[in-house]
Amino acid sequence: AQSVAQPEDQVNVAEGNPLTVKCTYSVSGNPYLFWYVQYPNRGLQFLLKYITGDNLVKGSYGFEAEFNKSQTSFHLKKPSALVSDSALYFCAVRDRGSSASKIIFGSGTRLSIRP
Amino acid sequence: EPEVTQTPSHQVTQMGQEVILRCVPISNHLYFYWYRQILGQKVEFLVSFYNNEISEKSEIFDDQFSVERPDGSNFTLKIRSTKLEDSAMYFCASSGENRGPVGEQFFGPGTRLTVL
Chain U
1 AQSVAQPEDQ
11 VNVAEGNPLT
21 VKCTYSVSGN
31 PYLFWYVQYP
41 NRGLQFLLKY
51 ITGDNLVKGS
61 YGFEAEFNKS
71 QTSFHLKKPS
81 ALVSDSALYF
91 CAVRDRGSSA
101 SKIIFGSGTR
111 LSIRP
Chain D
116 EPEVTQTPSH
126 QVTQMGQEVI
136 LRCVPISNHL
146 YFYWYRQILG
156 QKVEFLVSFY
166 NNEISEKSEI
176 FDDQFSVERP
186 DGSNFTLKIR
196 STKLEDSAMY
206 FCASSGENRG
216 PVGEQFFGPG
226 TRLTVL
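Sequence lines, in order, name chains U and D.
At the far end of the first sequence sits residue 115, using the numbering used here, and the numbering has no gaps.
At the far end of the second sequence sits residue 231, using the numbering used here, and the numbering has no gaps.
Calculated directly from the structure, the hints in this document are not laboratory data.
Hints may be right or wrong, so weigh each one.
Derived lysine to aspartate or glutamate pairs resembling DMTMM-like cross-links, with alpha carbons at most 25 Å apart [as the list claims (entries may be wrong)]:
#1 157(D) to 66(U)
#2 49(U) to 9(U)
#3 58(U) to 116(D)
#4 49(U) to 116(D)
#5 157(D) to 54(U)
#6 193(D) to 178(D)
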């Protein structure tokens, strides 16, 4: 069965420090990989995706993610955190096989950036 | 930039009542989805829709749920007889080959459904 694991419920980082939000996945084949962010009382905003090619993917708001096929991981990173980055982050996967395939989300990691 | 819109933003209903949640996907998108997020839990897939029929549905999407694209622009989710456990945030999403690589789904802001 396909699954996405975000092992940390919460990540706390001081402003200006680098941050990492971890994600591992278990799916067959080579899925599309995504990160979405959810701010309080808001919908899901797309951050970045891995389709193919370079393992380091750059996205919105200075975020990037590194795809590691051998470790089946897709960790989200940012070199210097901002207080405004505080939100709920979801890792997600989608099967390449069908254009109508569902997205499977991880349980989410709450990122808290302290001033 | 085009975006997915959803109405209403918040719906309160009594248990057993029917509700219809409305979504306007991005124009020219071909694939449409509903997801839900129970408070404090992860986002779960409900159903996908393509070419005027359901492509895939989850075990959550039972006979109480239905979807429709009545007029070529709206995409609706109907719950026939709501239960307390249907209380959640419902997200609509759409995707299409003619807007970036296939795979990226664009989500609406959600409708918060509260069943009393």
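Violated hints, by number in ascending order, as checked against the structure
Checked against the structure, the only hint that fails is number 5, while the rest are satisfied.
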